[in-house]
Structure formats: C-alpha cells, structure tokens
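Participant: When you get a sec, could you build the whole thing from the sequences and use the hints?
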Amino acid sequence: MQFWINVVVLASTYALLAAGYVLIYRASRVLNLAHGELMMLAAYLAFSIATVLPKQSLAVIPLTLLLAALIGVGIYYLFIRPMAGRPLFSAVLVTVAMGIVIQGLVVLVWTPRVQYLAVLLDIVNQSHQLAPGGAISTLDIASIVVALALFAALAAFFRYTRIGLLMRAAAENPLLLAQRGIDFHRLYAIAWGLAIGTAAVAGVLYTTTNRLEGTVALIGLKAFPVALVGGLGSLAGALPAALLVALAEVTAIQYVDPLLSNVAPFVVLLAALLLRPWGLFGTPEELERV
Amino acid sequence: MRRFLLVGLVILSLMLSAVGCQTTPAPQTGAPTKPAQGEPYRIGVTAALTGPFADTYAPVYEAINVYFQQLNEQGGINGHPVQILVEDDAADATKATSNATKLVQQEKVALLTAATLSATYGSIMNISRSAGTPVLIASVCPTQAYPPADPLVFCPASFGALYDGTAAIRFIKETAKEPVKLALVGIESPIVRTNFDHVTKIASESGIQVVTRQLMPPTATDFTPFATQVQQAGANWVFAWSPWSSQIGPFDALQKLGWKGDYLLWAHQPADEELSRRKVDALYAIAGNALFAEELPVHKQIRAAAQKYKTSYPVEYMAEGWVTAQVLEQTLRNAGWPGGAKAMQAALAKLSVDTQGLRGGPLVFTADNHFRTKAWYKFYRWNSQQNKIVTARDWVGIDVVPSK
Amino acid sequence: MLLEIERLTLHFGGLAALNGVNLSVGERELLALIGPNGAGKTCVLNCISGLYRPGAGQIRFNGQDVTGLRPDQVAQLGVGRSFQHVELFRQLNVLQNVLLGRHLHIRSSLILDGIWWGPARREELAHRRPVEQILELLQLDSLADRPVSELPYGVQKLVGIARALAMEPKLLLLDEPSAGMNRQDKEHLARVLLRIKELLHIPMLWVEHDMELVADLADRVQVLHYGQEIVQGRPHEVLRHAEVVRVYLGHSSAQN
Amino acid sequence: MAMDRHKKIGQKAHASSQAWPGLRRQGILQWLALALLLAFPFIVNPFLLDLANLIALASIGALALNILIGWAGLISLGHAALLGAGAFTVGIMIEEFGAPIWITVPAAAGMGAAIGFVVGLPSVRLKGLYLAVSTLALHFIVVFLGGEYQTHHNLSTGIVIPDPALGPFVLSDRRAWFYVLVLAAAAATVFSVNLLRTRTGRAWLALRDRDIAASAIGVNLTAYKLAAFVVSAAMTSFAGALTAYYQHFVAVEAFSFFLTIQYVAMVLVGGPGSIAGAIVGAAFVIALPQGVNLAISSLSVPPQLKIYTFAVNYALFGLLMGGFLLFEPGGLVRLAVRLWGRLEALLPTATAVELRRPGRAQGPLQLKDDAMAAFTTASSTTDCLLDVAGLTVSYSGLALAVDHLSIRVPAGSIVALLGANGAGKTTTLRAISGFLPTETARITSGTIRFDGQLLDGLAPDRIARSGAVLVPERDKIFATLTVEQNLSIVPTSAPSGNRRAALREAIATYFPILQERQRQLAGYLSGGERQQLAMASALLRDPRLLLVDELSLGLAPALVQELMRLLEVLRRELALTILLVEQNAAAALNIADYAYILSTGRLVKQGPAKELLADAAVQELYLGVSASRRSYRQTAVEQRQ
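Chains as they are written, first to last, in this note's numbering: chain Z, 89 to 378; chain D, 1418 to 1821; chain H, 2 to 257; chain G, 2 to 642.
Just so you know, these hints were derived from the structure itself, not from any lab.
Please note that a few of the clues may not be correct.
Taking beta-carbon pairs under 10 Å as the criterion, some of the chain D residues facing chain Z (in silico) [unchecked claim]:
#: 1; residue: Leu1632
#: 2; residue: Phe1643
#: 3; residue: Gly1675
#: 4; residue: Glu1691
#: 5; residue: Lys1727
Which stretches of chain Z does chain D cover? Using the computed rule of at least three CB atoms under 8 Å from a CB of chain D, they are [stated by the list, open to error]:
#: 6; region: 194-207
#: 7; region: 214-221
#: 8; region: 295-306
#: 9; region: 342-354
Don't be surprised by glycine CBs; every beta carbon is placed ideally from N, CA and C.
Facilitator: As structure tokens, then:
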C-alpha cells in the first residue's frame, strides 16, 4: 500500500516537471536541460519572497509562479530566440550553460545552506493514515491533486482556447503561422512561461515537502526520461510515463538496490529508446524532426 | 603536418608560459597582519566550500579563518602571523588533487588541512606523502589516523566512525524502555558501510536487533521510499550516521509517514538550529562537540569572533572548525619558528589540546595514535516541557586502543 | 537490360506517389524521364538508389534484385547519382567532394588512415589521379581547390555529377541537372553528358525538365504523370504525342 | 576541416615557393618552439607544470569528443562515463591482478572501444537529441557500476594507483609525466589530423552534412557512425586511463555529469570540428578556474568571501559557454581568425583583405530592357501595390539566388512570375514575405515596397498583417488541426464587419468542400482540398496582395485550371491583387495580366501575358514547343572540335 502511495506521489512530481519539458519542446523544439535548475531557482525565489512575507503562502505561491513565468518568457526572448537557425543541439547546450549559471548564482545569493520552505510558509505537513500500512502527508496529497488539475487545465487549454490552438499550430509549423500573420515568437514565449510556471509549482511543492538545497536540481534531470518515455511532443504521454518511471524507481529502491534510484529512470529511458523511441504517445515522425 | 604540429605546440607552450608569467609573482593576500609582523606561517586548506556537502565542510574553513584572523590581531604565534591559503574542491576528487598539488608544491605550505568528502582523501594523502607534508583531516576520520597511525595523517574531527557507533549503541541500550528494533540509515559510502558493519556487530552483542539498514545514494533528495522501508521493517529506533541532509531527510520522511519512534543522529553543525526547529522529543543527537545550546564560555567566545568577522554560516556551525583551529594553534606554538613540515609533524605527534569544554576532555595525539587517546561523546534532545535543547546524557569517554 | 523496373509502387501515407511504373535502361543508353512537377520522377530515382523503400514492384540492376537494399549497398553495386538540390558537402572543396566519390574504391582501414601508414598513404595519393581526370573531363580542374559553397549553382551541379562519376558507376542517375542553369551552363552540361556517354560509355537515367535538352540528347524518353507512365519512345515522337502535350500544357494551350 | 584546407594550401605553397628567407624564419621558429617545449618543465613552477599536464590530458579527451561532435555530428553526453570506464579499467586491473601499465592502458582503450560500440548502436535508429539522451543514460549506468565496485571492495578513498613502471623506469616525476603526456596528446593530434584528411574523416564529414548524399556514394552510415563512436570512445578511455595513473587514484565522484559538460564546452569554446580548437578549448576550460582563483586572490577579497570562489567560477564557466554559443559559434579559433582579420585590415597594406572579399565587385548589372521600360511607364508611380527594385539575394554571402530583379505588381492585377526549378522564383517570394532562412540567405541589395512601405527586414508575421499574404508551396495547412480549427486560428483583420462577412461568404461559396470537411483533420485532405483550405485561410487574413506559390504543384491539370479561374474570380469579387509564382507557365499565363520570366535568378523576359503566350521563344523555352535553333548536340560537337 505504502509502496503504491510512494509511486504515485513521486509520479506527480515527475509529471509536473515532464509537462514543462513537453511544453518547451513542443513550442521551440528545444530540450530544456536547465529545467531542474529553474525549478530550484523558483523554489529559492519562493524562499526569498516568503522571507519578506512570512506565513502568507497564499501570496507567496502566486507571486512565485508569476515571477517564474516571467523568467521563462525572458529566457525565451534572451537566449533561445537568438539561437533560431542554429543547430538544435546548440540551443540545448545554451540551456545547459544556463543551468550552470543558475547553480552558481544560487550559491552566491542563497549560500549552499539547506533551507526549509515549510516553516516560512507556515505549512504543517501532517500525516494521514489512508489504510493500515499506508500513510500520506498533506503536501503529498496536494502534489497529486495539483498535478492532475494542472494536466486537466493544460488539456483544456490546448483543446478549447484560441491561444492553445495557436500553440498547437505553432508546434506543427511556425512558419505557416507567421504567414497567416501571427507572431509565433510570442506563442513560444508563452509556452516557456507556462513551462517554467509548472516547474515552479513542482519546485515549491517538492522543496516544501523535502528540503531546499542545491541538489534538488537533480530531480529535473531525472524527470527528463519521463518526458521522453511519454513522447516529447505529447502531454498526455507524460502521465503514464511518470507512473512508469516512478514505479521503476521505487521498485529499484525497495526491492533491488537503493543506489539504483538515480539510474532507474535512465534504464527505463534506454529501454524506451530501444523499443519505442518516439515515446508512448508520440509518433515515429517526431524522430525525424530532431 | 609537421608544421601544424609545431605551430600547435608553440601555441600550447606560449599559452602555458603566459599563465606562468602571471602566477609567479602573484602576491598572496591572506589574513590582515596588522599587529603580528614578519613572515607568516603558511597553512593550506582544501575544503568542500561548495557542492552538495558544503554546509558540513565550509563552516570548518570559516571557523579556522576567523580564529586566526583574531589570533593575528592579537600578535600571532611566536611573533608570526598565520596565513590560511584556501582552495575549494567542491567535494570533487580531481579538484582536491589539483588543490593539494598547488598548496603543497607551489605554495609550500608546512601543513595541509582537509575538510571535505572522504573520497578525496586518497589523492590528498598521496600528495602529502610525496612531499612529506603532514595533513590534518577536519572531516570524518580516515583509518590512517587510527592507531597504528600513518606518520603524516592526523584527525581532530569530532566524528570518527567506529567509536561513534559504539557510543551510539551504548546510549540506545541505556535509553530504550522496550526491546530495541534498530534501523541504520546513511548514505552509501564505504565509510558508512564499515561503521554500520561494526554497529551491527556490537548491537547484537548488547542484545539489540538491527532490523534494516538503509544505504541511500548520496544524491538522494526524496527519502520517502527509504523511510517506508524503515517503517515496514518495524523499527522503533533509528541510528543515522551520514552527512546532515541524509540524516534529517529520512527523519522528516518518517514523520510524514506517521512513524512513532526514537531517532538518533549525528550532531553535525546544523543540529542546534534544526532540533529547535522540529521540536520533537524523540529526536536525539550524538555530539562530539558541545552544542551551543549550552552557552559555555567558549561558545560566547566563538559567537563574539563570528560576529566580529561576519561569517556567512551561523555561529552554531563553527564548533568543529574551532577545535581544528585550536589544534593548529597548539601545533604551531609547539613547532616554533620557522616551523617546517618536519617540525609540524613532530609537534602533532605529541600534542595535547585543551578544547575549553568543546570536548569532554583534552584532545591528545601520540606517536602512533593520530585520532585521540580518548573519544568523548555527549547526547542531546529537544525537551518540549522546557522548550529547549537539553542534555540527554553527559560526556562519555571511550578509550581508543590500537586495532589488531 | 542493365536496369529493369517492374510495377514499382510507392505510397506516402495513403497518397500514391508511384503507381505501377515500368522502366528499363539499356547498356550505353541515355534515357530521359520527364513529366510535370509531382509526377514522381525523383521518387523513381530515390527508389532505385535505396532512399525510399517501394511498397511493391521490383528493381533489377545488372540482373540482381536491388529492391529494398540500403543506399550504400546500391552504390556498391555501381549506381551513382546526382541530386536535384546538389547535396554537396559544403565545407569541403571541389577536389575533396569528388574524392569522396572514390570512397568505395579506397581500401584502407581506419587505423592505417589514422597513422597515415603504408597503404593509406599510397592509396590516398593514388586516388587523386582518377579524380583529377574526371575534373578535367568536366572542365572543373581549375576549380579543384575552391570550396564548393563559393561556386555558382550551375557549377555545383557539375561537381555533383563529377562526384557520381568518381564512383566509376555502371549506371548514372541524374536528377534535373539543368535546373537553375542558364543557356551557357546548359550547353556545357550537354557537352558533359555526351562525353560521359561517348567516352565513358556510362548509361544514364536522366530526369529533366528542359525539353530542348531532352529532345537533343536523349536516346529514349519516358513520360511519367501522376506516378504512372504515359508514353515512351524516341524524343521527337514523344514530345509531339497528344497526351504529353495535354499533360504539359493543359487543355487550353493544347487547343491553342 | 579548416585545418585540412589550410594544410593543403600550405603544401602547395611549399612546393611552389622555395623562397627561402620565409622558410628559414619558419624553421627557426619551429626549433625555438621545440626547445621551449622541452625546457618547459624546468622553467615553470610545479603547479603550472601540473596544469600543463592536465591540459595535455584534457586535450586528448577533447580531440576524441571532437571526432564525434565536430566531425560525425553525433552528440554524446557520455564522455565522463567513458573517461571513467578507462580509469576504472586501470583501477580494477591493478586492484585485482596488479596488472602493469602496458597491459592496463591498452585494455582501457579496448574497454572504451567496446562501450563505444554498444553506445553507438542506438545511433542506427536514433538521431540528434534522442541519441544524446541515450548516451546520458550510459553516464548514469557507468557511474552506478563504478560506485558499486568501490563500495563492495571497501575502497572508501577510491582505488589507489601506484606509479606506473615500464621495466626499470618508474614514471613518478611530474616533469617526466609532462613529456609522456605531451607526446600522447601529440599522437592524438596526429591521429586526428590523419583521419580527417583521409577516407574515414571525409566520410564522417559527409554523413554529418548530408547523410543521404553520403549513403548514395556508398558510405555505410551505420558502420561509420559506429566507427566514430568506437574511435572516440577508445581515445577517451585511453585518456581516462592515463588520468588514473597521473592522479594516482580512481574514484567515481570524479566522473560527474559536469565533467561531460566541461568537455563539450572545450569542443564548443575551441571551435567545433577544429583540431586546434579542441586543444585550445581544453587549455581554456582547464586554465579558466585557475585564472579566476588568481584574479580573486589578487583582488584582496576578504577571506570570508573565498567560499564563493567556486560558485563564481561555476557561474563564469556557464556564462562563457553560453556566450560562445550565442555570439561566437565558431569558437575561439574563429574568434582568433576574425580578430586577426580585423588586425590585418588595420594595416596599410590591405591587399590580402581585398582578395578575400567574395568576387562580386563589378557593380550592379545594367538592366536595359525595352519591355521593362514599357511596363514601368505603363503602371508607373500610379497604383503599384508591390514594387520590387533591384532585389539581390545571395546564399551564404556568395552564390546569387536572385540577381538585381525588379518587378512591379499594380493594384488589382494578376502578375505571374515564371521560370524553371532553381530560377529564383521561390527565393523572390520568400524575400517578399520575409522568409529567407536567416542563416544561409539574405537580401544583399535592392528594396521591396508594399503599398509604399519598405518590407525588407520586417518579420514575416508583420508582413502578413500588413496585407501581403502568402499561400505557400508545401506545408500549407496545419495537418494536426481540423479544417475548422485551421480557419479559426486565423485572426480576422478585416476592418469592417461587412468586409468580414464578404470574406466568409466568399469562402463558403467558392470552397464548399471545406464546409463539408469541417471536423476532419486537415492532414487527411487531398492535395486539391489542401490547396483550397490554404487559399481560404489566406483570404481570412483579408489580403490586399495574395502571393501564391506553385498553385499547380502536384495537382491534376483540370483542377489547376479550375483553381486558376477561381483566383481570377476572387480577384474581381474581393478586389485582390495577385502575384502568382508558377512553373506551369501555360496555366499561369492564361489568367495573368502580365508576366516576368526568370532564369538563374535573372529576369530574362517580361511582357503582357497574351504577348508572351504567343512569343515563339517563350513557347520554345517554357511551353515545350520545340524550335529551330541550333541544337545542344550541335553546340557540343562544335565545341569539341
């Protein structure tokens, strides 16, 4: 029982982060390898905002998300757009460089000390007994609920809103969209904003539950296989993929070798690349576009 | 082809010599040396100032730095100031190697101090051995410091693996009210593994059953699965011995799962702060240095120095480095001037340092024991009635004997 | 027949690009394949050289079934080709581009290459000779050191042909070599094609839009429309064929 | 690459000019360099010597990675893992069997080759990012295995490696190491240079640039990709093995993902694909942190702040890496060449610079065509909606795709732009609609005015919004959206409600099929239906000028006729102006008022459509009517004599 709860909770974090990868990839064909770092940065921003506004999580969290979304938009216009027309991998490496800079800056600004967001936000992470041998904490429930709600919201956004439709169109053929008189850069920037916003959601939830420190960026890298296993172009794929990867990881820890916990997502990834490289919900054509 | 090769070599050597020209005359700025005049003692430090374990190791450097800044202003040692040359290795073995090389071979420090992850020790000791420079390890003690000790390796750090485990088991045995089902929690590293093997052995000798052992990857951030294992194994006591994050992380995760049991962890620098933050009576800390909660005179001294020189870490993090600095000071005093590597080594090999209450007794090195003759431990916990950290058990001393 | 294609069919997600095409090229023959845009001419070439895998049908080259072989395997059997959009290696100069055409004929190992030893060195130098001969034949020898990206489009096309010739192919596939050429370039191209045919005796399958060139040079013309062949025969007959005129010029012009 | 070219030019110069003053000076320089190199370990302090040794080690790894990334175009994120594999092979062999160096180092290279082969296998199926990601998986797996070995053998401080011995000679002195490592790095350099100039290197470059063309000349893509992985991995593990000996220990912590990034940065910063770049990049990345430390220690920073040195280093490294990617993708080597060029330009004798400039200094071509003059006066300043004057577009700054083209499209007219494939029609259209691929093609001279406003330099969406709307040749609809969605995403920019209604009605009347197919995915439409959807989408934008690219492409003649007629009707009813780019000259001339004919980027003929349709030369060239001029065969034969 506890096993499955752990899987679902971990999967919810992975799913939130994978959504960011997918959003960015769909929009600008870039893998954002700084996603984990941006998630961490957002959490540190939340920490700073919470220092100014202690115990007001209702103000801190929206402010953080807004700030994170703005950072996403800024990143697109400053770093990614100038890479248009260059080899795709160069743009990916720009995100790597960005991640390194963030790592350095975080230490410079916030020191390498471990911080606790929960205290500042005045959140008590209580344990709830669901069943005998199965407990879940308040924040874990929040994580699952938020992940599901966010996916539902994103699905509705892409299906029913005009901007969502435009973003789908931009993902397919940005040039054609420009020929129809629409500035696709703005759409890409929105996608980056959304993605970093979701990363901030994941970051705040995860670091409030656990701790805030430089190493949490690693979870961003571990969530990356989720996005790929689900299909880089497919949001819907991220949910089952997150469950699959989380299942592999928790199984590895509990039944095989705890040291495998970092390796498990990548083993799943390798298997996926060999069996179905375009992902659970992707299409083979996707491979050709890379 | 040949032409290209030569041009390449020219570029390479020019670049290198360009770097060379820059470095040779580089003036070294260390501690301000107003009152103490003359040539300084040069002490090298390689420390994990950044990286995943920085909060354990960086404060060690800060304390040493503050200690000697103060000392230099008060006239230095034997009339000479002490210069601390620090290099950051970020707990990375390659960087530690290059730092040690630089400090020993270029800066010609008389003594090398390391406050970093154990994985870097191998190369640091190698370099110290090749130059005959003694090395003072201010993080978890390597086996080379235990008797019979390596002539060049010394360790004043409070935590020392096997003896910590022995003390912990004695404490649990004395404190537990019901039969103990013990879980051991730590990161996957050889030194932790060795300690836990030892703990398992002496636990069974004292009638304590070890129900599970959780060795987690050093980079783990989500401890829920490990906590689940502990809970499902039916443990009612946990002994955690690792870097701070991976001790307190599993504790938080256990709380999250609704586990009710007693949890003993090693009192790294954040212990003061975080015991008070969590306010859980069942959380115990085993300490090698007296916690600041006690407000001893030496604590007040450290507090004053830390405030004066503005450390970036809280004062509660400074005890470990303070003891190292005390050891350094005593060594320099005994070695006299000019105090080369040989003199330092000789001084260290018969050293007795009064820790002013930070430890349970004096820290003594002998010719073949570079760890300490007696290892001292004190136990703390949160007391919610008094709303403060209290002593759970006063200083216990364990005699250090040569292993067979 | 050197090359025989039977009932070749190719689909792209439901759209039929080729629909049962039959075609053959004989020894020393220059066969022109013509048809309007989107008729599937390039698809035929791509199927032969293994870039596309046909849905049905058979391609026999030199008596051997080559259907579904990899491009490099087809090349190994002696099929060289040029591309509609040049496809040169832009960072290399003319000589290196053509030298790459010798790839299959150079037989040194990677290790020997790396230490520039014995056969590697000998071969590398030996293979410059045929390349220089080809460049001379195509009157490109004065440009050998020029990076291809600096050359005019028409010349780049010739380099593409030179590269294919360096393979010493038994059959040459040419994909719209005259596209983007002016009259002068085309005259040069005509010269090149005749030299290949008459001096090197290499048969060619030639996809072309310029009817004048086709009429002048081709031994035989085959017309493709909508993935199907309409007619084939001697150039002057085919180009006056009513169906061909209709396909090319549309109803109204035909009435004109 | 550049190296190779350079080398060959060098060879030529060597052969032709035995002018010996220059040669002699070079000879002295070479000997001087060699002497400096030999003396180096004795003139620098031990720390710098160590730095030099580390750079030599790193340049082997960087050269190896350059083979993969720079030449074969394969991205690997498993570099640290391969270094680790080499180091651990040495460590384990020493730990288990006490193997000597002449066994361990070749074994490490072999191990690297084997791993490279396995890692390369996915490259058969995967490309680009997917491949990079599979190598990332390798990283985590190797690190895991190394960690397992260390923990299970109780090697807390890593595996200790003794000084290597070859017979009586023990390699312990760092000076001796210097010669060994420089020799190894030189060997790796020579190996790289040789590979690049022979068959293997050429094949790699070929498959990186144009894999299709490469396979068509017989390059077995799979084999060569695998070979690149194997060679690169073997070299990398070789470097890893040497590192193990040099550092005297092997510990898994040393092979972090950041190490991979450092090596990737070496290749990028130096200049991808360049051998000198890899070496310079290695030196730069290794020396950078030392430089920063130096700067910090000489800036009299308070000692408390020293704990931030590493973070500063880290951030600076990221900034530099990003900076090179963004601003100087050619790396340090390119930067040096550029700076050198600028320096040369400053010198009074600037002949070299003059020569280097691409040869197009003849000045604008004198276009004096009577017909052009006629059209210019006919529709002169009055109602010319689109006015392209002297447009020149060049690819990569050199080859001209469009050469001094001037066309005018009066309001309300249908103008056709005709020509064969490659004539420059599509390039012209792209230039007008703002779609020249930014990297390779650009407008070098001329102006494009739409309704008096200059268009060049505007973003494509701005151009579309200003009323010049393109119906593209391919990819003209969003295949993953429904027909309805395709239409609904176009913002209606019609000024008045009436106009909007008129547009909608026109679409409903003339494209009834779209109504029927509303809910279908546009990807399932036939070619004709796609064309109609594309036209309808463009109309919704309320264009004043409709730019139609190759309407006839892939459509049945009957349908082409029908759509052409429709264009005529739409022009009348919606007061459109149309520029029609067509290969099918006959169909276009039937509806156009006026036409321009292009060949190889130049205007060769223009005139009213009716006249051109009747023109014998046009018939001959573009309508397939054969004529009585001198045949190609004749010219060819004549030329030969």
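Participant: If a hint holds in the structure, say so; if it does not, say that too.
Facilitator: Hints, one by one, checked against the model:
1. At a threshold of 10 Å, the smallest CB-CB gap from Leu1632 of chain D to chain Z is about 6 Å, leaving the interface hint in force.
2. A distance limit of 10 Å between C-beta atoms decides the matter here; for Phe1643 of chain D the minimum to chain Z is near 7 Å, and the interface restraint holds.
3. Taking 10 Å as the C-beta contact cut-off toward chain Z, the hint placing Gly1675 of chain D at the interface holds, the least distance being around 4 Å.
4. Checking Glu1691 of chain D against chain Z by beta carbon gives a least distance of about 8 Å; that is within 10 Å, so the hint holds.
5. Interface hint at Lys1727 of chain D: violated, since its Cβ lies 13 Å from the closest Cβ of chain Z, which is beyond the 10 Å cut-off.
6. Residues of the region 194-207 of chain Z lying with their CB closer than 8 Å to a CB of chain D number 7, which satisfies the three-residue condition for coverage.
7. Check on the region 214-221 of chain Z: 4 of its residues sit with their Cβ under 8 Å from a Cβ of chain D, so the three-residue criterion for coverage holds.
8. Counting residues of the region 295-306 of chain Z whose CB falls under 8 Å from any CB of chain D gives 8; the rule of at least 3 is met.
9. For the region 342-354 of chain Z, the stated coverage by chain D is satisfied: 5 residues place a CB nearer than 8 Å to a CB of that chain, which reaches the threshold of 3.
The structure is inconsistent with hint 5 alone, although it conforms to all the rest.
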